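K.L.:
Assemble chain B onto chain A, guided by the hints.
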Amino acid sequence: MQVEQFYYDNKTVKWFAYAVMVWGLVGMLVGLWASIAMFYPPINLGFAPTTFGRMRPVHTNAVIFAFVGNGIFMGVYYSLQRLCKSRMFSDALSKIHFWGWQLIIVAAALTLWMGNTTGKEYAELEWPIDIAITLVWVVFGINLFGTIIKRRESHIYVAIWFYIATWVTVAMLHIVNSMELPISFLKSYSMYAGVQDALVQWWYGHNAVAFFLTTPYLGLMYYFLPKAANRPVYSYRLSIIHFWALIFIYIWAGPHHLLYTALPDWAQSLGTVFSIMLIAPSWGGMLNGLFTLRGAWDKVREEPVLKFLVVAVTCYGMATFEGPLLSLKNVNAISHFTDWTIAHVHVGALGWNGFMTFGVLYYLIPKMWNTTLYSKRLAGAHFWLGTIGIVLYAVPLYWAGFTQSMMWKSFTEEGQLKFQFLETVTHILPMYIARSVGGAVYIVGAVIMVYNLIKTVGQGSFVADEAAEAAPLSAHVELHGHHHWHRWIEKRPMQMLVFSLVAVAIGGAIEMVPTFLVKSNIPTISSVKPYTPLELHGRDIYIREGCYLCHSQMVRPFRDEVARYGEYSKAGEFIYDHPFQWGSKRTGPDLARVGGKYPDSWHYNHMLDPQSMSPGSIMPTYSWMYDNDINAFRTPKMIWAMRKLGVPYEEGYENKCNADLQKQATEIANGLKADKINVKPEKEIVALIAYLQRLGKDIKAAPKSTTAQVTEAGILGN
Amino acid sequence: MRTICRTSFLTLFLSIICAVSANAQAPAPSSMSNSFVVLMVTIIGFLALIIALLAYVLVNAASIKVENELKEKAANLGKTTLVLLIGAVLLVSTSAYAQSGEAASNISTTVSEATYYTLASVAVLELGIILTMLLMLRSVISVNKPATAADADAVVSKAPTVSWWDKINSFKPIQQEADIDLGHNYDGIRELDNRLPPWWLYGFYCCILFAVIYLWRFHVAESAPLSKEEYEIAVADAEVAKAAYLEKSANNVDENTVKLLTDEASLAPARKIFETTCAACHNKNGSGSVGPNLTDDYWLHGGSIQDVFKTLKYGWPEKGMKSWKDDYSPMQLAQLASFVKSLRGTNPPSPKAPQGVLYQEAGVKPDSAAAPKKDSTVVTSTK
Chain A
700 MQVEQFYYDN KTVKWFAYAV MVWGLVGMLV GLWASIAMFY PPINLGFAPT
750 TFGRMRPVHT NAVIFAFVGN GIFMGVYYSL QRLCKSRMFS DALSKIHFWG
800 WQLIIVAAAL TLWMGNTTGK EYAELEWPID IAITLVWVVF GINLFGTIIK
850 RRESHIYVAI WFYIATWVTV AMLHIVNSME LPISFLKSYS MYAGVQDALV
900 QWWYGHNAVA FFLTTPYLGL MYYFLPKAAN RPVYSYRLSI IHFWALIFIY
950 IWAGPHHLLY TALPDWAQSL GTVFSIMLIA PSWGGMLNGL FTLRGAWDKV
1000 REEPVLKFLV VAVTCYGMAT FEGPLLSLKN VNAISHFTDW TIAHVHVGAL
1050 GWNGFMTFGV LYYLIPKMWN TTLYSKRLAG AHFWLGTIGI VLYAVPLYWA
1100 GFTQSMMWKS FTEEGQLKFQ FLETVTHILP MYIARSVGGA VYIVGAVIMV
1150 YNLIKTVGQG SFVADEAAEA APLSAHVELH GHHHWHRWIE KRPMQMLVFS
1200 LVAVAIGGAI EMVPTFLVKS NIPTISSVKP YTPLELHGRD IYIREGCYLC
1250 HSQMVRPFRD EVARYGEYSK AGEFIYDHPF QWGSKRTGPD LARVGGKYPD
1300 SWHYNHMLDP QSMSPGSIMP TYSWMYDNDI NAFRTPKMIW AMRKLGVPYE
1350 EGYENKCNAD LQKQATEIAN GLKADKINVK PEKEIVALIA YLQRLGKDIK
1400 AAPKSTTAQV TEAGILGN
Chain B
259 MRTICRTSFL TLFLSIICAV SANAQAPAPS SMSNSFVVLM VTIIGFLALI
309 IALLAYVLVN AASIKVENEL KEKAANLGKT TLVLLIGAVL LVSTSAYAQS
359 GEAASNISTT VSEATYYTLA SVAVLELGII LTMLLMLRSV ISVNKPATAA
409 DADAVVSKAP TVSWWDKINS FKPIQQEADI DLGHNYDGIR ELDNRLPPWW
459 LYGFYCCILF AVIYLWRFHV AESAPLSKEE YEIAVADAEV AKAAYLEKSA
509 NNVDENTVKL LTDEASLAPA RKIFETTCAA CHNKNGSGSV GPNLTDDYWL
559 HGGSIQDVFK TLKYGWPEKG MKSWKDDYSP MQLAQLASFV KSLRGTNPPS
609 PKAPQGVLYQ EAGVKPDSAA APKKDSTVVT STK
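Chains A and B supply the protein sequences, listed in that same order. Under the numbering used here, the first residue of the first sequence is numbered 700, with each subsequent residue one higher. Under the numbering used here, the first residue of the second sequence is numbered 259, with each subsequent residue one higher.
These are calculated hints, taken from the structure and not from any lab test. Quick caveat, the model's predicted, so the values are computed rather than measured. Hints should not be assumed to be uniformly reliable.
Stated by the list, open to error - Keeping only pairs whose Cα atoms sit at most 20 Å apart, straight-line, the calculated DMTMM-like set for lysine to aspartate or glutamate is:
no., chain 1, residue 1, chain 2, residue 2
1, A, 926, A, 1168
2, A, 1108, B, 490
3, A, 1269, A, 1353
4, B, 577, A, 1113
5, A, 1108, B, 584
6, A, 1117, A, 1266
7, A, 926, B, 435
8, A, 1108, A, 1122
9, A, 1066, A, 1168
10, A, 1117, B, 495
11, B, 568, B, 619
12, A, 998, B, 435
13, A, 1117, B, 487
14, B, 583, A, 1112
15, B, 517, A, 1113
16, B, 506, A, 1112
17, A, 1396, B, 435
18, A, 926, B, 445
19, A, 1343, A, 1328
20, A, 1355, A, 1366
21, B, 506, B, 495
22, A, 1108, B, 495
23, A, 926, A, 1165
24, A, 1399, A, 1266
25, B, 500, B, 512
26, B, 500, A, 1112
27, A, 1379, A, 1328
28, B, 568, B, 584
29, A, 1399, B, 584
30, B, 580, A, 1266
31, A, 926, B, 451
32, B, 583, A, 1122
33, B, 580, A, 1374
34, B, 486, A, 964
What the hints assert, rightly or not - Per label pair, the in silico range of CB-to-CB distance:
no., chain 1, residue 1, chain 2, residue 2, range
35, B, 583, A, 1209, 41 to 49 Å
36, B, 483, A, 1001, 21 to 29 Å
37, A, 1217, B, 441, 46 to 54 Å
38, B, 433, A, 1153, 23 to 31 Å
39, A, 813, B, 572, 42 to 50 Å
40, B, 486, A, 1345, 37 to 45 Å
Note that CB positions come from ideal geometry on N, CA and C, so glycine has one too.
Only chain A is shown next, with the shape it has when bound in the complex (with noise of 0.2 Å):
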């Protein structure tokens, strides 16, 4: 057969590669910066961007979608023209899907440091860049299916048909989750409304983790480590099984976020089941890794793209074993919003996402400027940092974590909380400052990464087009004895990609349609009024300053919580949250019943100088709030808009809410200045503090008297 010649086009690759080490840094950085505030408040500047509250999205959508994003992009566009042996589909659309993705990424960045924010964890980005993701992702697909159409090899690689679950797994989530109504060029708010708002979003939120940095990383695995190794795939059999398996019940694990939460409880159980489902077939990916280096565990010494895939991959084990322990409901009882998460989380992405990606450009890059690494010394030197940097990292924030649940869970023999919330913080200061140790260690590796390649990029000389060849793809193939009923779907990738979306597409639908159409999944509470329009100008800022990064609205159903906090919170409260502010980390106290606790005066001298009234408190100033006017001229629309989403506002509603609005600041105003505090009642922090004064107070009106709910009646109850 005629062999043809061809060119795989390295100079994408070379750009994501140069993308990953640049947003790499920056979202590293702006991680450390974050933790810093943790411990040292003074380092938020007192300035709007660089409050935690902003920076922490920064950091997440940073590396998330910055790093690891351009860390898939750079692996797949030189893997999957190799494993098809052809050049990618189309240069333009390549040119294109590169320049797009880090448009949306510094779009991201300013969105997000300016205070535009949907308030959905890891899907904070505001409908405009939404929109920007999904074009841009339908150019990678049609990239990445052009390519693998006009392919010369009869079936798909193992890594290719996770390339194709994570691109329309991604894709359906994505669009699920980012509906959203627009007010403004940077406003909407979510389609969905408390629990069922809940649900879609760690639906999302838990399989951003399985389909963006899992996912796609086990297909680089797939290909970088076998190479690297020179070392056949220990298992196709493994392969197959576990990747089916994967897929199907990732997707049904997202409930595990909403363990003891107003989420119905068999929908929290089916998160449970399937996280430890979930076990089995993610171990079937470490273990395909580990094995496929039997025999070649001497070079994993030598070699430094071994040593850290193997770290990688070993990180992974340890991640995805941890993560279904954590869904069981009792540890979960322990863990859940403390800093536990946050250590499992980094063990993922630091050792498995981040160690994966150093492998990948360690083993890239040499070959692309056909050269050899510029130093293996300081690529050991870069694993043994990163590696100590994961340690450090990782057991201070344990540590942290189940010490201050069991504070939080303490009891004096006398009935009483033994600690208050702010002791409990204050306790475990120092595991945070080891723990920005542990990154900042981290970070230094990463230099250094960064700076060998660098200099191996100088003693080398770029391959832009590298020449390879290939017999084209023939009617007939050859089949090499047994014959695995599986190798019919891989020469056929539209079936591959119709049976993986039908297999991601079963848990989200059967956990999600009966949370909507069932009443009795959200019991209503005839005392739950729709928010005010200052109240949802309060929230507007509530969710701008990234206040649910640290403070939780959910009061589970623990005898500490409820002690500490309240009646524990029912689904029917948070009908009217679009989005819902549930929260999944306490760095602060419990907001859900805040409404009523502390006096209006209190609010206002404590986001002005939160130390002032919590002494040892780590919250930042919120100063521009007390200059800061809100914007009336948006009422009328936030109040259609609500109404659009089936908050019951009356009919004409928007010509009289900045009425009501002016009524509600100016009391607040003018109780604030019996407290000899002058404020004018169109400044930020009075709507802030209307939003703080309601939230949890419905509830109390309930079932008393009767005589609440009369004058409760209107919309403007309180």
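P.N.:
Coordinates of chain B only, in the frame set by chain A:
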């Protein structure tokens, strides 16, 4: 020989049971209701079962070996095994006593750190024992092998040794890899057709079984408590424990029985609480800021020791005063109320204007001039 082995095995097993039951019973009943403790005890019990099984296998293997060796008139190794076994028995039994002693001194209402570490260390100890026994078993079996196969052609002495690791993964020797090469070639990557690691596969089945049982228990049989039931159980248990404690303690103070305390031993801890908690709203010296002035004679909610205690205990949430009964014990609240009362007449600088109504000390008649002259007599009524 066999009887000695049997006895040692029995002792071993019994001592493990001892260890487990000592742990299971000591923190009861309070800790046993804690699901974490239950889980840990289950794990410990499960591990103990494995130890027992292993011990049985080991003892049998050892006795066979000993008999073989007796035939060869070399019982030395058998003795060592026995010594090792007895050592293990001693180790476990001593640890059992240590555990029971520790656990007894550690009766706590929730999972205290001590309970946690005790349970964890027992589990780790058991894992250690299992590992040791596996190693012993391996040595017993592996020494046996060449003895029986010694007469066979010793030419294959270089043949690949099949370790337990190879076995549990059902590894095919690398030398025979070509047999299972599937002939796939993706950019030079080949694929083998190795079997699924058996432990992985059965682990997967176990997880699925777990899932079925879990869903069955919680949602079909409804024999396990859901979140809300779990909460109610926890609160009920806590109430019982609290009542039992208060019964015996002097802490049983409420708004009807509270008495003004004046001794420094009572006021000093209250002062500390006041400075850390109350000062945020009432100022360090009680002169008031967000909250009212506590040093004058005017009270919004009554100025008697009983009233102040009540205010502290239940709060006036709508006015911004939270309830402190979940934060401080009745005794602490009594001390705090007494401390607040002791602030009267301290005349701090720049006090907040009086709020509420004038309160006359009950015990003290107005003529006794206990009420200090106030620079302000304005009474602001509250909203």
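K.L.:
Does each hint fit the structure? Answer for all of them.
P.N.:
Okay, the hints, checked on the actual structure:
1. A:926 to A:1168: Status holds; Cα separation ~19 Å.
2. A:1108 to B:490: Satisfied, since the Cα-Cα distance of roughly 16 Å is no more than 20 Å.
3. A:1269 to A:1353: violated, 30 Å
4. B:577 to A:1113: With Cα atoms ~27 Å apart, residue 577 (chain B) and residue 1113 (chain A) exceed 20 Å; violated.
5. A:1108 to B:584: Holds, at about 12 Å.
6. A:1117 to A:1266: holds, 19 Å
7. A:926 to B:435: holds, 18 Å
8. A:1108 to A:1122: holds, 13 Å
9. A:1066 to A:1168: The given pair, whose Cα atoms are some 18 Å apart, holds under the 20 Å limit.
10. A:1117 to B:495: With a Cα-Cα distance of about 18 Å, the restraint between residue 1117 (chain A) and residue 495 (chain B) holds, given a limit of 20 Å.
11. B:568 to B:619: holds, 17 Å
12. A:998 to B:435: Holds. Residue 998 (chain A) to residue 435 (chain B) sits at ~19 Å (cutoff 20 Å).
13. A:1117 to B:487: It is violated: about 24 Å lies between the C-alpha atoms, which goes past 20 Å.
14. B:583 to A:1112: holds, 13 Å
15. B:517 to A:1113: holds, 19 Å
16. B:506 to A:1112: Roughly 11 Å separates the two Cα atoms, so the pair holds.
17. A:1396 to B:435: Violated, at roughly 69 Å.
18. A:926 to B:445: The hint holds at about 9 Å.
19. A:1343 to A:1328: violated, 26 Å
20. A:1355 to A:1366: holds, 17 Å
21. B:506 to B:495: holds, 17 Å
22. A:1108 to B:495: Holds - the C-alpha atoms of residue 495 (chain B) and residue 1108 (chain A) are around 15 Å apart, at most 20 Å.
23. A:926 to A:1165: holds, 17 Å
24. A:1399 to A:1266: holds, 9 Å
25. B:500 to B:512: holds, 15 Å
26. B:500 to A:1112: Holds: residue 500 (chain B) and residue 1112 (chain A) sit about 6 Å apart, inside 20 Å.
27. A:1379 to A:1328: holds, 9 Å
28. B:568 to B:584: The hint holds at about 13 Å.
29. A:1399 to B:584: holds, 18 Å
30. B:580 to A:1266: holds, 15 Å
31. A:926 to B:451: Roughly 18 Å separates the two Cα atoms, so the pair holds.
32. B:583 to A:1122: holds, 18 Å
33. B:580 to A:1374: holds, 18 Å
34. B:486 to A:964: Given pair residue 486 (chain B), residue 964 (chain A) holds - Cα atoms ~9 Å apart, limit 20 Å.
35. B:583 to A:1209: 41 to 49 Å: Because 45 Å falls inside the window, the suggested range holds.
36. B:483 to A:1001: 21 to 29 Å: violated, 55 Å
37. A:1217 to B:441: 46 to 54 Å: holds, 52 Å
38. B:433 to A:1153: 23 to 31 Å: For residue 433 (chain B) and residue 1153 (chain A) the Cβ distance comes to about 44 Å; the hint is violated.
39. A:813 to B:572: 42 to 50 Å: Taking Cβ atoms as reference, residue 813 (chain A) and residue 572 (chain B) lie about 45 Å apart, which means the hint holds.
40. B:486 to A:1345: 37 to 45 Å: Since residue 486 (chain B) and residue 1345 (chain A) have Cβ atoms about 27 Å apart, the given range 37 to 45 Å is violated.
Of the numbered hints listed earlier, those contradicted by the structure are 3, 4, 13, 17, 19, 36, 38, 40.
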